[in-house]
Amino acid sequence: MSMIRTSMTSLLLLLAWSSDAESSCFVGGSGGGTLEFSGAVEDTEFTGSFGDFNVEYCLGEDGSPETGRISVSVALASADSDNADRDETLKGPEFFAVAAHPEARWKSVAIEAEGDAWSADGELTLKAISLPQAIRFTLSPDGEDFLARGQFTMAGSAEVDRQRFEVGTGEFSDPEFVRNRVDVAFEIRLERQAR
Amino acid sequence: MMHWAVALGIVLQFVWAWRIDQVESIRQQFALVNQHKSIGMAVLLLVVLRLAWRAFNRPPANPEAMAVWERRAAALSHGLLYALILAIPLTGWAYSSAAGYGAEFFGLLDIPDFVPQSEALESVLARVHYGLGIALLVLVSVHVLAALRHHFVLKDDVLKRMLP
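Protein chains in written order, with my numbering: chain A, 1 to 195; chain B, 1 to 164.
No lab work stands behind these hints: they were computed from the structure.
Errors might be hidden in some of the hints.
Between beta-carbon pairs, the in silico distance windows are [what the hints assert, rightly or not]:
| no. | chain 1 | residue 1 | chain 2 | residue 2 | range |
| --- | --- | --- | --- | --- | --- |
| 1 | B | Glu-24 | A | Pro-141 | 47 to 57 angstroms |
| 2 | B | Ala-135 | A | Asp-43 | 31 to 41 angstroms |
| 3 | A | Gly-92 | B | Phe-114 | 27 to 37 angstroms |
Model, not experiment: these values are computed from the prediction.
From the three backbone atoms N, C-alpha and C, an ideal C-beta is built for every residue, glycine too.
Isolated chain A, as found in the complex:
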């Protein structure tokens, strides 16, 4: 009797495991994508990128992007704008303060379709300041069943007001010197997370 029970339990566990074996979470990062930022100093634009970041998109039931959850983490010390002086300043206490706050995080709160694209309200945590931050993105190939396909690409952008996160303090806080708006652009290939 006890042997049968043990077998039944094992079978149930196996069933539970196999039904959950295919994760609905897709992951990607710097290995298969880009995350860029552009700002302006004295009206001169510059573009940089983060060499180390991770994205996780857990799709909702039936693979729906809308009911899913997205979370992003970015290693701020990986910022590179191809100018040694500027990058040093960016990582310093007036900007990212990477020594005290090595990571920035963003997580979605609500995702909704907007025509062919998507928009997501979320919360960005930068320098220990958490504030609402929206992003827009597209998912491709459009309209396919990502769960069946096992991978998709997410590309999009966000407009970040650096002042709200105290990025650029002291003499850098003047928007005449350093523009407040920072444009963020990303394109990441996400693959189904291995169990």
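Following the hints, put chain B in place on chain A, whose structure we already have.
This is chain B only, laid out in the frame that chain A set:
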């Protein structure tokens, strides 16, 4: 006139280079660098105009009393001065482009970049720009001493005829 305008520009450039090095505020440093770039482009423009003018108007002859070695030394140092006064703003321009900020002319012109943005190129050009600046400082000292020698030792009209 052109000579003294270029000379004034060069003096200002050394003063500005020194101030850029001294100032603490990055914003002020930015402003000074932009002024340094603008003065440099003005010097480049003036020296190109001066060379063009010289191509059609030969400079007055050297004093009769000058020895062959003195004529050769004068021709060589003048040639080097022109080469440096052209090369320094050009390397500065390239240095600005490599740094990703571009050249500047008092905010009036959109000056194109002629090298791509690159950290490696920037650090090389920074050293070249600085090294050529030091070479110019040495050569200008020789130039000034030679002019004073003409005036006070040789007592010819070489310095006097340079008066505006």
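For each hint, the structure was consulted:
For Glu-24 of chain B and Pro-141 of chain A, the hinted distance range of 47 to 57 angstroms is satisfied, since their beta carbons lie about 54 angstroms from each other. Remark: the range hint 31 to 41 angstroms for Ala-135 of chain B to Asp-43 of chain A is upheld by a beta-carbon distance near 34 angstroms. For the pair Gly-92 of chain A and Phe-114 of chain B, the supplied restraint of 27 to 37 angstroms holds, since their beta-carbon distance comes to about 31 angstroms.
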